[in-house]
Amino acid sequence: MRNLGLLLGIQWREIIRFQSLESDRRWLQRILIILLLCLGLFYLGGYSYLMATILVPLKLTMMLPGAILAALSFLFLIMNMFKADAILIHPKDDAILCPLPLSRSVILASRLLVLYLFELITSLAVMGICLTGIALVDPLPITTTLTILVSTPLIPLLPFTLGLALGMLMQWVSGYFQHTHFIKLCLMFALIAGLFFLSTQLSNEQELTHLVSAMTALLNQIYPLCGAWLAFWTQLDGRSLLLITVFSLASVCMTMILAVYLAPLIKAQEPQRKTNANAANHNRSLLSSLYDVELKRYWNSQIYVINTAIGPLLMLGGVIYLCFQDLTPLLSLLTKEQLTGLAWVILSLIIGLSTTTHVAISLEGEWFWIKKSLPIPATTLFLGKLLVNWTLTVPTTLLCLILLSIPLDLNLMQWSLLALGSCISCFCFPLLGIYVNLTFPKCQYTSEMIVVKQSLASLIMVGIDFALSLLPLGLMYLFSDDTLAFMLGIGLQLLLGIMTGIYLQKRGEQRLLTIH
Amino acid sequence: MLSIQHLEKTYPNQKGVHDLSLTLQPGDLTAFIGPNGAGKTTTLKCLANIHAFTQGEILLNGISLKEEPLQFKQHIAYIPDNPDLYTFLSGRQYMNFIADVFRLTASQRQKRIQELCERFELSEALNQPISAYSHGMKQKLALIAALIHDPDLLILDEPFVGLDPKASLTLKTIMQEMCNQQKMILFSTHVLDVAEKLANRVAIILEGRLVADGKMQEIRGNESLEKIFMELASHA
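Sequence order for the protein chains is A and B.
The first sequence maps to residues 1 to 516 in the numbering used here.
The second sequence maps to residues 1001 to 1236 in the numbering used here.
Don't read these hints as lab results, they were simulated from the structure.
There may be inaccurate statements among the hints.
Claimed, not checked - Below, computed lysine-lysine pairings styled on BS3-like, alpha-carbon distance capped at 30 angstroms:
#: 1; chain 1: A; residue 1: K371; chain 2: B; residue 2: K1066
#: 2; chain 1: A; residue 1: K296; chain 2: B; residue 2: K1111
#: 3; chain 1: A; residue 1: K267; chain 2: B; residue 2: K1172
#: 4; chain 1: A; residue 1: K371; chain 2: B; residue 2: K1172
#: 5; chain 1: B; residue 1: K1066; chain 2: B; residue 2: K1111
#: 6; chain 1: A; residue 1: K371; chain 2: B; residue 2: K1111
#: 7; chain 1: A; residue 1: K506; chain 2: B; residue 2: K1066
Throw the hints in and build the complete structure from the sequences for me.
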C-alpha cells in the first residue's frame, strides 16, 4: 500500500504538472491557471443554472445530471482511448520503475488508479457544480442529491474500460502499418465520428410530444446506461442499481484482464518496422528538406497531432453536416453580413486552436542542437514550421469555404470576404504562435504533453486565439455596420501577422540563440 | 585559422566563461581539457552557435560568427557529448537531411556516406529508425553526419564516450587524416591519456578561464599531462 501511495503521488504530479518557469514569471502562470479555472467554473456553473431555469418548469430537472453523465462518459471514453497506449502498452516510466523493488501489479495499479482518480475528481467537480446550479433554481430532494454524489465514483468505470479496450485494439491494428500514428489517428477519428453520428440520430418513430421519454431516449443513445442511472437516482430502483453494479464490476474485471494479459500480448506482437531499404539519396532544397523533417516530426507525435489536427477535422465534419441540414430558421434570424461574420469567427477560432507553431520550437527539445549548429537561416527554420501548420489548416479551410457556400447561400462578395478573412487567419495565427513560443520556450521536458497542453505558450495562444477571433462579435455591438466590424477584425489579424513576420525576420535569429 | 578573442559567457546563477582567448592554426588537433563545470561545453557550444556569448569575437578564416553566422557554420561541424538525434528518421534520412543543408549533390553524398559508413561499420543499420540505435550507433551516426561535408573545423565534445575500441581507433585515424589535410579539430575529453597521444596542442580551462594553451610537448615537458593538469588545478 505504501508503494502504491508513493507511485500514485508521483504519477498524479505528472498528470497535473504545468510548465515550471523561472521565479520571475511564475506569477503570470499562476494568474493564467486561476483565470482558466474561474472561466471553467463560470461557464459550467452558468450553463447548469441556465439549463435548470429551462428544465425545472418543464419538470425535466433530472435531464441535466443525466446529460452531464452522458457527456462525461463520452469524454472519458475518448480520453481513455488516447491514453491506452501510454498507460498499458508503452508507458514511459517503465525503464525507471521496473528495476526497482516494486511488484508489477502495484505499478500497473498505480497507473490505472491515477487515471481513474483524475476522472473521478472531474466527475465529482462537474456533478457538484451541476447540482449547485439546480439547487439555485429548485433544490432536488436531499436523498436524490446524496444518491447522485455517492454513486458518482461509478460513473467513470464503464467508459474507463471501454476506452482502454478500444485504444488497445487500435494500437494493435495500427502497429502493422508503416505510419502507425497516422493510422491510429484515422481509426480514432473514424470511431469518434461514428459514435457522434450514431448518438445524435433520432429515430423517426420518437414521439416528440413526450418530451421526457424523448430526451431519455436521446441520452440513452449517447450513453446506453443513462436510463438506468436516472431511474436509480430518482426512484432508488433496485433493478437499475443491480444493472449499474454488474456493469461496474465487469468493468473492473475487464480492466484487470486488459492490463495484465492483453497489453503485454499486444506489446510482444508488435512487428519490427524497417524503413525502405532502397531509399534514394536525392538532393533537395534546404526548405524542402526542413519541411520534410518537420512533417515527420509532427506525425511522429501522437499528442501533437491529436491536439492540433482534431480542430480542422471537426470543422470539416461540422461543415459537411451543415450541408445536409435545413438552415432556414437560422438564415431568417441573421442577416447575410452577420452570417458571414459569424462563420468567419468560428473558422478563425478553430484555425487558431489548431496552430502547431506555438510549441514547435519547444518540441525541438534535446534535438535543438542539430538545427542550431547547422547553417540554417532562422527565417527558413520558421518557414519549415509554418509550412507544417499550413499543410494542416489551408486545405481544410479552403474545403470548408467551398462547402459552406452551399448551406449559407452567400453571394460572391460575401464569400470572398469570408475566404479572405479565413486565409488571413491561416496566415496570422501560426506567425503569432512562433512569436509566443520564442518568448515562452520550454525545450527541456520529460513529456510532450507538458509542452503541448500545459505549457505557458499553449495557454497564451488559446487566449490570443479567443481574443482575436471573438473581437468582431464585440465590435458588432459597437458599430451598426456588421461588415465594418468584420473587416476591422480581419484587418487587425492581418496587421498583427505582418508585424510579427517582420519581427521574426529581423530578430528571429537572435531570439533563437537565447533559447537553451 | 580559428581565433577566439576574449570570449565571455555569463549565466545568471552559475559561472560561465571569462576572457577566453584561443587560436587554432590549420593542422592543429587541440585537446580541450578541464574539470567538470570548468566551461568546456559552454565554450564549444558558443563556438557552434548554440549559445550566444556575452562578449568577445570568434573568427574562422576571417569569417565572424557574430556577423556572418550562416557562412561561419558552413565550415564547421559540431557533435555534443550525448548526441540526441531525430528518432523519427532513419540513419539514411538523417544523413540526407544534413547533406541537403550543406547542398551536397547526390553523387557527393552517396560517395561520402558509403565511405564513412564502411569505416564506422554502420552500413547495415542505415535504413533502420534511429530510435532502434544503441548509444554507440548514434554516436557513430553523428560523427558520419558531421564529416559528410568535410568541415574545416570539427568541434567534438567528449567524442570517445560510448564508442567501441574499433570505432574509437577509426575516429582517431580520421582526426589525424583531417589534420594532415590542414583542417582544425577542437575536442574536449576527460581521458588525458587519449589527449596526450592524439593531440598536438592542448588548452586547459579552469573555472571558466584558460590557464594553459600551447603545443602538447611544450605544456607537458617531461611530465605527464595528468600531473601538469593536477598541479594547475591545485593552484587554481
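Structure-based check of each hint:
no.: 1; hint: A:K371 / B:K1066; in the structure: holds, 17 angstroms
no.: 2; hint: A:K296 / B:K1111; in the structure: holds, 26 angstroms
no.: 3; hint: A:K267 / B:K1172; in the structure: violated, 41 angstroms
no.: 4; hint: A:K371 / B:K1172; in the structure: holds, 26 angstroms
no.: 5; hint: B:K1066 / B:K1111; in the structure: violated, 33 angstroms
no.: 6; hint: A:K371 / B:K1111; in the structure: holds, 24 angstroms
no.: 7; hint: A:K506 / B:K1066; in the structure: holds, 15 angstroms
The structure fails to meet hints 3 and 5 from the earlier list, while all remaining hints are met.
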